[in-house]
Every structure is written in C-alpha cells, then in structure tokens.
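> Here the protein sequences come in this chain order: A and B. Note that the first sequence covers residues 2 to 764 in this note's numbering. Note that the second sequence covers residues 2 to 764 in this note's numbering.
Among the hints, a few may not be true.
A pair counts as met if it fits within one copy or between any two copies, since identical chains are not told apart.
[As the list claims (entries may be wrong)] 27 Å max Cα-Cα, derived DSS-like pairs, lysine-lysine: (1) Lys406 - Lys341; (2) Lys597 - Lys548; (3) Lys631 - Lys291; (4) Lys690 - Lys432; (5) Lys597 - Lys610.
Note that these hints are calculated values from the structure, not bench results. Computed from a predicted structure; not experimentally measured.
Number of protein chains: 2
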Amino acid sequence: MSIGQSIPRVDAFEKVTGRAKYTADLTDRNALVAKVLHSTIANGLVRKIDTGEAEKIPGVIKILSCFDVPDIEFPTAGHPWSTNPAHQDPTDRKLLNKRVRLYGDDIAAVIAEDEVAASRALNAIKVEYDEYPALLSPEEAMAEGAPLLHENCPNNILKHTLIEDGDFEEAIREPGLLRFDSVYETPIVQHCHIEPVVSFAYMEAGRIVVVSSTQIPHIVRRIVAQALGLPWGKVRIIKPYIGGGFGNKQDALYEPLNAFLTQAVGGRPVRLELSREEIFYATRVRHAEKIFLSSWVRPNGRIVARSYRALSNQGAYGSHGHGIAAKGTNVFRQLYQDEKARKTEFFTVYTNTATAGAMRGYGTPQALFAVESHIEELSLRLGLDPLEFRFMNVMPVGWQDPFTKNINYFDSFHQCVEKGRAYIGWDEKRKLYRNQNGPLRRGIGMSLFWYNTAVWPISIEISACRMILNQDGSVQVQLGETEIGQGADTVFTQLTADTLGIPWQNVHVNSTQDTDITPYGSGAYGSRQTYVGGAAIKQTASLLKQKILLYAHEYTRMPVENLDIIDAVIVLTSGNNRPLMSLAELATETLYSEQKAEHLTAEGTAQVKTNAFSFGCSFAEIEVDIPMAKLRLLNLINVHDAGRIINPQTAGGQVHGGMSMSIGYGMFEEFKYDPKTGRLLNGNFLDYKLPTTLDHPRLEAQFVENWEPTSVFGTKALGEPPAVPCAPAIRNALLNATGVAVNRIPLTPHVLFEEFKKAGLIN
Amino acid sequence: MSIGQSIPRVDAFEKVTGRAKYTADLTDRNALVAKVLHSTIANGLVRKIDTGEAEKIPGVIKILSCFDVPDIEFPTAGHPWSTNPAHQDPTDRKLLNKRVRLYGDDIAAVIAEDEVAASRALNAIKVEYDEYPALLSPEEAMAEGAPLLHENCPNNILKHTLIEDGDFEEAIREPGLLRFDSVYETPIVQHCHIEPVVSFAYMEAGRIVVVSSTQIPHIVRRIVAQALGLPWGKVRIIKPYIGGGFGNKQDALYEPLNAFLTQAVGGRPVRLELSREEIFYATRVRHAEKIFLSSWVRPNGRIVARSYRALSNQGAYGSHGHGIAAKGTNVFRQLYQDEKARKTEFFTVYTNTATAGAMRGYGTPQALFAVESHIEELSLRLGLDPLEFRFMNVMPVGWQDPFTKNINYFDSFHQCVEKGRAYIGWDEKRKLYRNQNGPLRRGIGMSLFWYNTAVWPISIEISACRMILNQDGSVQVQLGETEIGQGADTVFTQLTADTLGIPWQNVHVNSTQDTDITPYGSGAYGSRQTYVGGAAIKQTASLLKQKILLYAHEYTRMPVENLDIIDAVIVLTSGNNRPLMSLAELATETLYSEQKAEHLTAEGTAQVKTNAFSFGCSFAEIEVDIPMAKLRLLNLINVHDAGRIINPQTAGGQVHGGMSMSIGYGMFEEFKYDPKTGRLLNGNFLDYKLPTTLDHPRLEAQFVENWEPTSVFGTKALGEPPAVPCAPAIRNALLNATGVAVNRIPLTPHVLFEEFKKAGLIN
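Put together the whole structure using the sequences plus the hints.
Take a look at the structure:
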C-alpha cells in the first residue's frame with residue numbers, strides 16, 4: 002500500500018531539473034505578442050481612444066479597444082456552471098471596458114510582432130476620459146450620492162444578506178449578560194504565485210485553443226465561449242504544469258481576451274503574458290473586510306448571542322462576489338455555538354480597487370481573524386483561560402450543520418489542541434510570560450480553525466476520470482482535476498495504485514488537462530480535489546479492476562469473486578493468494594487476443610453530495626520589541642485534522658506553504674492605494690512585503706488523523722486550511738505579550754507603533 | 002446525412018495556411034541534434050570505431066557506437082503484436098549494427114549541440130571494417146558459398162513457401178494444353194513521402210517520449226520498448242500531423258534509436274531527422290521481385306493450371322519480410338482461377354540492398370504486374386480478346402476465399418470494366434490502333450486488380466474509439482487510427498456525424514495520437530482504417546447515442562424507443578419527429594445536473610473478423626516514339642469498386658495519388674546500385690525520377706459502389722489499390738502499340754531502346 006507513505010512527488014524530477022514545460026515554454030516561437038492598455042483613472046468613462054499614432058509603429062499588427070469588443074457581459078468566477086440562473090455568477094464585465102472601474106482597467110489591447118513594438122504602441126495610444134471620484138472602501142461606495150459602478154447595483158451593493166438564527170432581540174434581553182463589541186479590519190492581499198498570468202491562443206479548424214496557466218481548464222472553456230458568444234465546444238483549453246495559483250487562477254483572467262485577440266488576427270498565435278505589476282492591480286485579490294462583532298455572554302463564559310456585520314470590498318468586478326463573504330460567515334455561525342440566537346449580516350460592495358476573487362481560504366481568513374481575536378479578548382475580559390473558554394462554546398462533537406449536513410464526528414478540536422499545546426509549551430509559557438514589563442516581551446497565542454471540504458451543496462461536485470491499462474500492466478490516469486504545484490498528481494497516483502493493487506510506480510497520471518479529451522473535473526479549488534477527485538479515482542479504478550478480473554476469470558477459469566490483484570499479480574484469494582498470472586500478461590493477452598481483444602479502459606463521473614469539516618489549530622509564540630514596534634515570530638505550529646493523510650511529506654508541504662501565507666497576512670502584506678487617484682502604490686515585489694525564510698521560524702506541522710466517514714479515502718480539506726489560522730494566533734500572542742488588542746492586520750511596525758502609543762506603552 | 006457528400010477536408014485550412022504542426026515544428030527549441038554514422042561498405046563487420054577526434058569537436062555531447070548498444074535484436078514491422086511466437090516478425094537488428102548488411106547501415110550516432118557539430122563529428126569518426134562481397138540480388142545471395150547476412154538463415158533465405166492447390170503434375174498432363182512461360186522483374190522503389198523521417202525524444206518522469214512522424218504510434222510504442230528492453234508502458238509515442246508515409250512509416254524506423262539516444266543523455270530532448278539521401282538508402286523500400294510464371298491453357302482460353310515462382314529481395318533486414326511476397330501471391334491465386342491446379346512458390350531473400358518493407362500495395366504491385374502482363378500476352382497468343390479472355394478465367398461472382406472467407410458478392414469486375422472501356426474508347430481504339438507502322442504509335446491497355454481490406458486473419462484487427470459529448474452538443478472523437486494525409490479524419494468525422502445524427506461541423510476528431518491517452522488502434526496500413534476504424538466509430542457512437550437517449554428519456558419522459566437524434570435535436574419518432582429538446586440543452590443539463598451529473602463519453606474496442614475484396618481496373622492509352630524509345634501517357638482511368646464512397650472528393654484524391662505512384666512505378670522509378678560496392682547511386686530527387694504533373698495526363702477516377710456486406714458502413718479498401726494497376730495497364734498499352742512485350746519496369750528509354758532493338762523496331 003502506498004497510501005500513508007511519503008512517496009516522492011511524481012513531478013519532482015521534471016520540476017527540479019527545469020524540464021517541466023510551463024505555458025511560456027510551450028508558446029509557438031512565431032506567436033504574436035499582445036499587451037493590454039490599462040486605464041489611468043480609477044472611475045469614469047472612456048470618451049475616446051486615438052490609436053492613429055500607435056498603428057503606425059512598425060511591427061504593430063492590430064489594436065483593439067473597448068469600442069471594438071462584443072457587447073457581451075460575462076462572468077469570470079471559477080465555478081461549475083449552473084443551469085439555474087439564481088446560482089450563476091455576476092456577469093458584469095466585457096472583454097475591454099468603456100466604463101472604467103479601477104485604476105488599471107482593461108481598455109485596449111495591442112497585437113504586435115514583438116514586445117518592443119507592443120510596448121511602444123501602448124505608449125502611443127491617446128485616451129480621453131470622463132473621470133469620477135475614486136471610491137476605495139465599501140463605506141465610500143455605499144455613501145449617498147456615490148457614482149454607481151454597475152448600473153443595476155444601488156449603493157454599489159453587489160449583494161446583501163441578513164440571517165437570524167433564533168430570536169436575537171429576545172436573547173440579548175436575558176438579564177446579567179455581558180456585552181462586548183469590537184471591529185476588525187483585514188487588508189487587500191494578493192496570491193503572489195511565482196508563474197505569471199500567461200496564456201497563448203490560436204485557432205485550429207475554426208475553433209479557438211487557449212493554452213493557459215489556469216487552475217480550472219474546463220471552467221475557463223465555458224467562460225471563454227460565453228465571453229465571445231461561441232458554442233462551448235468551439236473552445237479548447239490546455240493546461241500544462243503551472244507555477245502556483247492560490248485562487249487567482251480560479252478565475253478566467255485574460256483567457257477570454259486572449260481568445261478574442263487570436264480571433265481578431267485570423268487565428269494566428271497570440272501570447273498574452275502579464276507583468277508582475279499588472280498581476281497586482283489587474284488580476285484578483287483577497288477581499289478586504291471590515292467586521293463588526295458583538296457578543297452577549299454569561300459571566301460563567303457561555304455565549305448566549307452574537308451579532309456579525311461584515312463589509313466585504315469586492316473591488317471593480319463581481320468575480321466570486323458575495324460567496325466569499327458568505328463562506329466567511331460560516332466561521333462565525335459554526336465554529337462557536339451561541340446558546341440562543343445569532344444575527345449575521347454581510348454586504349459585498351463594489352469599489353474602485355482591484356477586483357477581489359478567490360484566494361486560499363475563500364473568506365475564512367478574514368472572518369477567522371475577527372472571530373478568533375474576539376473570542377480571545379472575551380476570555381481575557383471574563384478572566385477565563387482562553388482554551389477553556391473556547392471549549393465551553395465550540396461546536397460540540399456530534400453537531401450537524403443543517404445546510405451541508407456535515408457532522409462533527411470526532412473530538413478533533415481537543416485532539417489538535419492537545420498536540421499544539423504540548424509542542425508550544427502552552428501551560429509553562431502562559432505562566433512564564435505573565436507580568437512582563439521590559440522593552441522586549443514574549444507571548445503565546447492560538448487560534449482554532451474549521452474549514453469545509455469541497456463546495457456541495459453550493460455548487461455541484463462532480464469529477465470524471467479515465468484509466469487505461471497499458472500492455473505491461475501499468476495504468477494511465479486522466480482527470481480534470483489539476484496539479485497546480487500542490488502535489489495532486491502524486492496523491493492521485495497513490496489512490497489509483499492502492500485501489501488497483503499495483504505499485505505506485507506503475508501509475509502514470511497525465512498531468513496536462515486538455516478540454517478536448519480530459520474527463521470533466523471542476524479543477525483545483527475549494528480543497529476539493531482529493532475528496533472529490535478521489536471519489537472519481539475509486540469509482541474508475543474499481544470499474545477497471547472489475548473488468549480486469551472478468552478477463553482473469555476467462556483466462557484462469559477461477560470464480561471472479563475469488564480473484565484479486567495484489568502487487569500487480571492476479572491472485573486466488575481463496576487459495577492463500579496464490580499467484581495465477583501477472584497483470585502484465587493479462588493486459589497483453591487482452592489487447593492482442595484473437596478471440597476477444599479489448600483495449601481495457603474505464604471511465605466515469607463521480608458525483609459527490611457530501612461535504613466534510615476539517616479542523617485544527619495554530620499556536621504561535623512571538624517576541625515584541627516595544628520601542629521598535631516590531632514583532633518577531635519565534636515558534637509556530639499548525640495541527641490539522643484533515644482525515645487520513647495520503648502522503649505525509651506532501652501534506653506537510655501544503656501546511657508549510659499555508660503557514661507562510663498566513664504569516665504574510667498577519668504581519669506583512671497589504672495593498673496601499675493613493676486615496677485620491679485610486680492608483681496602487683506598492684504593486685511590486687519591492688514594496689509589497691512578502692515574508693521570506695528570514696521571517697519564518699521553524700514551521701511545525703502535525704496531524705490528527707480522524708478518517709472522514711463521508712470520504713471515499715477518509716480524506717478531507719487540507720489545501721486551504723493551513724493558510725487560515727496563523728494570523729489570529731500571532732495577533733493573540735501579541736495580546737498575550739503586551740495586553741494590546743490590535744484589531745487589524747498586518748501587524749506592521751506602523752500599526753504597532755500607533756497601537757502601542759494609544760495603549761501607553763510608547764510615549 | 003454527410004456520407005456521400007464531399008465535405009471539405011477537416012484539416013484543409015490548417016494545412017493550406019501552413020499552420021498545421023508537424024513533428025519538426027513541435028521540436029523543443031533546445032533539443033540536441035543526433036546524426037547517424039552509416040557504413041561505407043555493404044557487407045562486412047565493423048572491427049573498430051575510433052571516436053577520439055570526433056569527441057573533441059566543440060558542441061559534441063556524446064557518441065555511441067554499435068559497441069555500446071544493448072544486446073537486443075528487435076523487430077521493426079508495423080504489425081500488431083501477436084502473443085503467438087509463430088506470428089511474430091523477424092527480430093534481426095540492433096539499435097546500431099556491428100554486422101554491416103547494407104551500404105549505409107547504422108553503425109554509430111553522434112549527439113551534439115547543433116547540426117554543424119554533429120556533421121563535423123560524423124566526418125571525424127574513423128571506422129575499420131572487415132569487408133565481404135556485396136550481394137545485390139536474391140540469386141547472388143542464394144548462391145553456394147555466399148556469406149550469410151543473418152546466421153540463422155541458410156542461403157540467406159529469410160523464408161520459403163510452396164503451396165500446391167490441386168494435383169499440379171496431373172493437371173498439366175492434360176493433352177492439348179498450350180504452355181506459356183515468362184519472367185517478370187520489378188524494381189526497388191521508394192515511397193518518397195514529402196515529410197522526412199523525423200522524430201524527437203525526451204524523458205519525462207522516468208519514461209521515454211518519442212514524438213514521431215509515424216503511421217503507427219501504438220505499434221512503435223511496443224517496438225521502442227522491445228528495442229530498449231523496457232516495460233511497454235514506459236514508452237509514450239506522440240504522432241502529430243504527418244506529411245505522408247505510404248508504408249515507409251509503417252515500420253519503426255529511427256524511433257528506437259532516438260529513444261536510446263535521449264536515454265543516453267539523461268532524458269534531454271534529442272532530435273533525429275534524416276536527410277533525403279538517408280531516407281533513400283537507410284529506411285525502407287518496395288521489394289524488387291523476379292517472378293517466373295507459366296500457364297497451361299486450353300486453346301479455347303480456359304486456364305487449366307499455372308505455376309508461380311517469386312524471388313523477393315528483402316534487402317538487409319527483415320522488416321515486413323515474407324508477408325509481402327505472400328500477399329502478392331494472392332493476386333496469382335485468386336484473381337484468375339485455374340480449373341485444375343496451381344503451384345505457388347516464393348522466396349524472401351536477404352541481400353545487401355536497402356531494407357524492403359511495406360509500401361502501398363504490399364506486394365501486390367509486383368505480382369499484379371506479372372499476372373496482368375502474362376494474361377495479356379496469353380490472350381494475344383491465343384488470338385482472344387483480352388477482356389473476354391480475362392472474364393473467362395476471372396474470379397467468379399459468389400466465389401469464396403477459403404482462408405479469409407471473403408466472398409465476391411457482386412459482378413464488380415464487369416461493372417468496373419464497362420466504365421473504363423467506355424471512358425477510354427476501348428472498342429474503337431483497339432480497332433483504330435491495329436497495324437500501325439510509323440515512328441509514333443499509339444496503344445491502349447488495361448489491367449484488372451483486386452485487393453484485400455484490412456489484414457484479418459493474418460493479424461488481429463481491432464480499433465478502439467472514444468467519444469466525448471461537449472456541452473454544446475458537439476462531439477470529440479479519439480481514435481488510434483491515424484490521419485497521414487489521406488483524409489482519414491474527414492471520413493471519421495462524417496461517419497460519426499451520421500451515426501449520431503448531428504451535423505459534421507459538430508464533430509471534432511482529435512488528430513494527434515498520444516499512446517498515453519488515445520484508444521488503441523493499429524494505425525494507417527492495409528487499407529483498413531475506414532473499414533476497421535469505421536466499426537469502432539459505429540460501435541462507440543451508437544453507445545454514446547444510447548446514453549444520450551436514456552437521459553432524453555429522463556428529461557422528456559417519452560419512451561426511449563420512440564426517441565432519436567436528427568440534426569442535433571432529440572425528436573419523437575412516433576410523433577412525426579416532433580422536436581423535444583436540443584442535444585445542446587441535453588448535454589449541458591447532463592453535465593451540470595444537481596440530481597445526476599455525468600460527463601457523457603463512450604469508449605470501446607471493435608474487433609473485426611472479416612475482410613473484404615475491393616475490385617477494379619485501370620485503362621491506359623499511350624503514344625510511343627519508337628526511334629526515341631520514349632513513352633507518353635495520353636489517358637488513364639482507374640475504376641474502383643471500394644464499396645460505398647464516404648467522400649467522393651477525398652476518394653478521388655486517394656485514387657489520383659495512387660495512379661501517380663503507379664505511373665512512377667511503371668515508367669520512371671528504380672534504385673540503381675553500384676554493382677561492386679553496393680552503394681546506391683541515385684538516392685536523391687535529382688537522379689531518382691519521380692513523375693511530376695508534366696508526366697501525367699488527366700487522371701480519371703470513377704467508382705462503382707457495391708456496398709460491402711461485411712462492412713459496417715459498406716466501405717472497403719481504397720487506400721492502396723489505386724497504386725496497383727496502372728503499371729501493367731501502361732505496359733499492356735505498349736504491347737498493343739508495338740507488339741513488344743516488355744517484362745520489366747520501369748519502362749524507361751534505356752529499357753525500351755534495348756527491347757525495341759531486340760524486336761527489330763530499331764536497327
């Protein structure tokens with residue numbers, strides 16, 4: 002059995018030696034180069050575009066502007082299509098936009114022979130605008146009289162939801178309750194995948210082919226067709242290896258425009274690669290949220306009622322929209338359970354900042370920062386131990402979510418916390434770090450977390466798979482689920498090998514998705530791939546095995562029920578697993594049989610109608626230099642119950658990467674806009690501070706393996722959860738060290754200086 | 002219905018605009034370049050290879066010689082594997098050969114950074130040989146004391162077969178029989194495909210990938226693995242568009258060596274492209290044959306018995322070997338039927354000329370030249386009309402071949418001859434051209450032909466297919482059967498469209514075969530693809546349709562038996578074909594259904610255990626300039642009964658191309674060797690005379706459509722037959738014009754001068 006073993010990544014050699022081919026490597030040598038002209042105002046209207054001078058530049062092939070594109074508004078979010086209009090994503094942008102909604106909106110595109118000609122042409126295009134004031138926050142955008150970004154959205158509110166569980170007004174009238182209010186703010190941050198947003202497109206027999214660095218090839222196919230007004234079968238998307246996505250590439254970014262551009266030049270290949278700067282302002286970001294939390298608690302620590310009000314900054318276009326803020330509210334509504342009632346309200350609001358979309362955690366990092374900061378303060382104010390206080394109110398074992406039907410089967414929270422508590426030395430250090438008063442102080446803090454696995458019942462969850470038996474008994478696997486650097490192909494290899502009873506070395510996962518031939522899978526998002534793709538693998542491998550054993554029955558005459566495959570050999574289970582014939586022999590005979598030849602393959606679609614809770618916690622230890630207003634991270638552990646762990650090494654890698662993102666989120670990263678023009682000021686790797694190894698302590702990842710009952714292989718979400726809990730754990734450690742409750746991230750010296758001053762720690 | 006319509010070739014636009022990607026277009030820009038060192042003797046042993054100087058040349062990466070290759074002898078013929086050793090192809094060559102068997106044998110290979118370094122290195126390698134005399138004909142090779150090319154083949158005979166039908170000795174004793182003997186000789190010729198033999202190879206995750214211009218990707222996969230001693234699943238072959246093959250690429254040519262070379266440099270990409278000169282001497286050719294024919298005939302024209310003895314020149318290595326001569330003998334044994342008995346004997350003999358393999362017609366052009374020349378002379382000598390004489394002895398309607406079980410269902414020969422006779426003006430011109438005696442004389446001649454379809458029961462005949470329903474109701478098709486320029490993808494498109502009931506524009510055949518994911522198909526040879534691939538398409542499309550109609554039943558509640566698809570709409574057949582829903586709606590709903598979602602695909606293997614006769618004839622009119630000994634072709638028609646014609650235009654194209662090849666075979670082409678050294682003297686397009694449009698009259702192609710009863714779509718062989726009958730028709734026209742029976746081709750002025758002199762037409 003390979004499951005549970007740290008087999009080497011199946012793509013390791015290719016990637017380490019630089020041989021793995023990415024989109025840019027595959028681009029036709031003769032491809033034309035496209036570049037996008039971005040608006041230099043944040044809010045307004047393009048009145049006129051003069052391309053006269055630009056068109057004269059040698060090497061310029063064609064210039065297309067927002068006045069030339071089809072009058073089609075299309076969605077970009079990477080969700081499977083729903084035939085129910087109520088479940089469809091916002092359709093609010095064209096291929097190029099006359100109505101400018103962010104500084105850097107796409108208003109024209111140049112196609113040229115080379116980069117230089119394209120760049121020169123961009124500089125030579127003259128644009129005239131009508132300019133409106135830049136609306137950079139939900140509050141500004143919702144204000145009376147603010148210009149509307151999208152006509153059908155009054156007050157620039159894309160969507161507003163209010164949910165009341167229980168009788169809230171009645172609940173808070175209970176005598177003796179203590180009330181706590183706080184407001185939390187999270188920044189706009191970016192995914193910062195290494196490989197840029199890049200694609201190239203060409204036409205083939207009247208159809209458009211886009212090769213793209215995307216997480217969701219099958220979905221991008223649909224969106225490109227929608228954007229261009231084509232039948233969906235007229236579009237083909239190919240996804241090679243990709244260098245990270247983290248949710249940014251769970252959107253159709255520039256594939257639709259790239260498709261349109263090749264169409265405009267009769268199908269000649271056109272490459273569209275964004276610079277790092279463009280990626281910052283013109284792709285997707287994580288929604289900044291402002292969250293108002295209030296709690297009504299009994300003095301003994303039982304929470305009776307809470308209210309939550311969030312303003313989610315959508316930026317210029319709809320993308321994943323309201324679903325992100327909605328998913329965040331699940332943290333509020335489920336992680337801790339109010340005894341009586343709960344009020345949840347959230348607004349997703351268009352502004353003139355970068356379009357917010359999916360990013361690892363999908364609304365949860367924001368909400369969890371608020372919820373876990375708030376719970377920590379409550380415990381302090383109540384004089385209760387933060388762990389005890391949490392467990393008094395946390396989702397109980399056996400609880401079932403009425404919407405997803407998820408059940409909290411095990412006592413995962415306690416099990417995870419025990420591991421984290423032991424590793425960090427919680428009990429000793431909580432004592433040790435009491436009553437510090439020097440300039441350097443230490444603290445420890447923690448955060449629980451919770452996450453869903455896959456997206457049912459919000460969207461359909463299907464994954465199709467095809468397997469092919471080679472003549473040597475090895476197997477090819479095709480899945481629509483995508484390797485995006487996370488190690489999916491390695492895990493798929495293990496699941497296939499064990500289901501079929503063959504060594505993992507005999508499984509070859511076809512890593513390239515090509516919508517012309519790859520079975521449908523929604524792609525890499527929602528921490529769904531091992532859970533949903535695993536179901537497809539189990540179903541398909543079982544079907545293939547059944548076909549194999551029927552042939553084995555023909556060849557060996559033994560009852561099919563008494564046969565099995567162990568280590569690539571057909572064995573007689575009723576006879577001490579006596580070997581009967583090798584799978585290789587069977588495969589060769591079956592393909593070339595004069596009697597009945599068959600190319601043995603299996604294919605099918607698995608539909609998953611469950612969802613599962615992943616759980617865990619993060620513990621952080623920090624040191625703060627109060628005069629310097631500077632934080633140093635000393636120690637960090639994440640403990641995950643992600644169900645059964647298929648590959649401990651790649652699982653650890655997932656957790657390390659997520660912890661790093663969460664450190665950046667808590668301590669370093671944020672978009673800074675010029676408040677007047679709406680121009681992004683730090684959209685590059687010099688000014689936007691990503692954490693590096695120098696900012697990381699040893700990242701400890703531990704697991705609790707409660708095999709998930711709803712999952713074919715006992716697995717559940719691991720892709721996104723690691724990126725969620727570290728920021729609040731660090732923030733709570735700071736509170737522990739200093740007594741200062743900082744309610745906004747990142748915890749940069751600028752913020753700490755202000756907060757320490759306010760608290761009297763700095764004069 | 003699209004069948005029977007000349008829909009445009011589905012690859013026309015790509016190919017005409019130069020956009021279609023061939024192997025060379027796809028080669029990695031950084032690929033290393035490999036070149037092969039060919040022997041400069043025809044027969045002998047490599048004693049020593051000194052690569053010292055060559056290795057010092059800058060840019061040279063590695064040099065491998067016949068002393069470095071695995072000790073594995075492998076087969077190269079493009080046949081499906083047989084698990085029965087008696088049906089396996091000769092295994093008689095290594096990747097590089099110490100034992101040199103032709104002038105130009107592969108003895109070493111250079112891998113370098115670029116072409117220049119590789120070429121310089123080739124020149125700097127020093128080789129010492131033991132040289133034996135060059136054996137250039139079967140007679141020389143079979144002579145007592147001739148050195149053996151392959152140790153296990155006494156007298157250099159690869160294989161010898163003798164078949165007696167009836168009691169031959171008894172039959173020829175019948176009193177009053179007239180006996181006629183003659184000897185026919187056909188030349189070595191080459192396929193002369195436009196695209197060279199080219200491949201590139203690299204390694205990926207421990208497996209070898211070869212991208213190659215081949216007709217038979219799935220077979221090449223097996224051979225590469227055999228040659229390198231690898232499990233077959235460790236090899237992946239990708240076949241892009243190819244620029245012709247005609248049987249040369251129905252062999253594993255340099256793919257095994259290319260695979261070995263990338264392995265030798267740790268999997269770096271290596272390109273191996275042959276020059277035109279190398280293709281001539283070092284790939285495959287058509288077997289030259291010398292055929293001894295004798296007939297015993299009653300004066301009334303009934304043939305009583307015949308004997309056939311053929312020497313087939315195999316050249317240096319086994320390749321397709323004895324099967325080619327064997328297939329030729331079917332012409333002798335089946336086209337005309339002896340009343341009493343028949344003796345058939347044939348030898349396939351190794352010599353030191355180019356390796357002979359498959360070429361369009363597969364042994365039939367040689368045998369048919371002999372048989373149809375012989376029958377023509379017999380009719381003359383008997384004073385009978387050649388058409389009447391033929392029909393007196395030709396395979397009768399209703400006759401069944403006891404081996405293949407093929408039946409001659411229709412009176413195709415008469416039907417075809419009537420068309421040819423009318424078009425060429427046979428009756429008038431046979432009269433008109435009597436008793437000519439000027440220097441310019443005209444004549445008409447004809448030839449019947451017969452050909453098998455596909456290769457059962459010689460080999461297994463299987464073809465697997467997969468179809469995928471796109472969300473817009475269009476369909477992807479994957480087949481192992483290969484488009485090699487003949488129009489297969491267009492025909493596959495039509496067959497799929499009509500079976501499913503959708504417009505052909507909604508069918509997208511995936512033209513690239515990739516053995517990792519493409520269903521198994523043996524590939525393009527044996528005129529099998531429409532017949533066998535058609536069966537796979539019918540089976541798969543029917544299965545897909547059945548799945549579609551079951552969903553249609555779910556959505557419409559109508560009985561599935563009352564539903565059909567017409568023009569991409571689900572209709573109620575019992576209700577006047579009332580439209581119920583579009584296939585596009587059904588496809589979208591089925592993929593995204595919350596209740597039961599499925600990516601609708603279908604896949605399966607069709608095994609064909611029949612074979613079918615194709616029939617036809619060729620009529621030629623020529624003018625001969627006797628003093629100049631020069632032939633001019635005035636008029637040429639082929640009439641084919643290839644069953645139902647799927648696409649008249651592409652069918653006509655097939656016939657035109659074949660006629661052109663047969664003209665070259667009859668009039669221009671032959672390999673000329675230096676008799677002493679065995680060096681090919683005319684292996685280039687300057688000295689090897691391919692016919693051009695200037696040598697062609699209008700090529701008339703006509704069809705008789707007797708739908709083949711054994712065929713799923715009524716089709717039978719059309720790929721190869723056109724290349725078979727023109728040479729004897731032209732030769733018989735020359736006989737008609739001059740009375741001179743020339744028994745060897747090509748009919749060049751050199752030959753005609755000699756023959757006319759012998760006949761006293763030239764002094």
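> None of the hints should be skipped; say for each whether it holds.
Hints and how they fare:
1. Lys406 - Lys341: within (21 Å within a copy, 85 Å between copies)
2. Lys597 - Lys548: both (13 Å within a copy, 24 Å between copies)
3. Lys631 - Lys291: within (24 Å within a copy, 95 Å between copies)
4. Lys690 - Lys432: Neither. Shortest intra-copy (34 Å) and inter-copy (98 Å) distances fail the 27 Å Cα cut-off.
5. Lys597 - Lys610: between (38 Å within a copy, 10 Å between copies)
The structure is inconsistent with hint 4 alone, although it conforms to all the rest.
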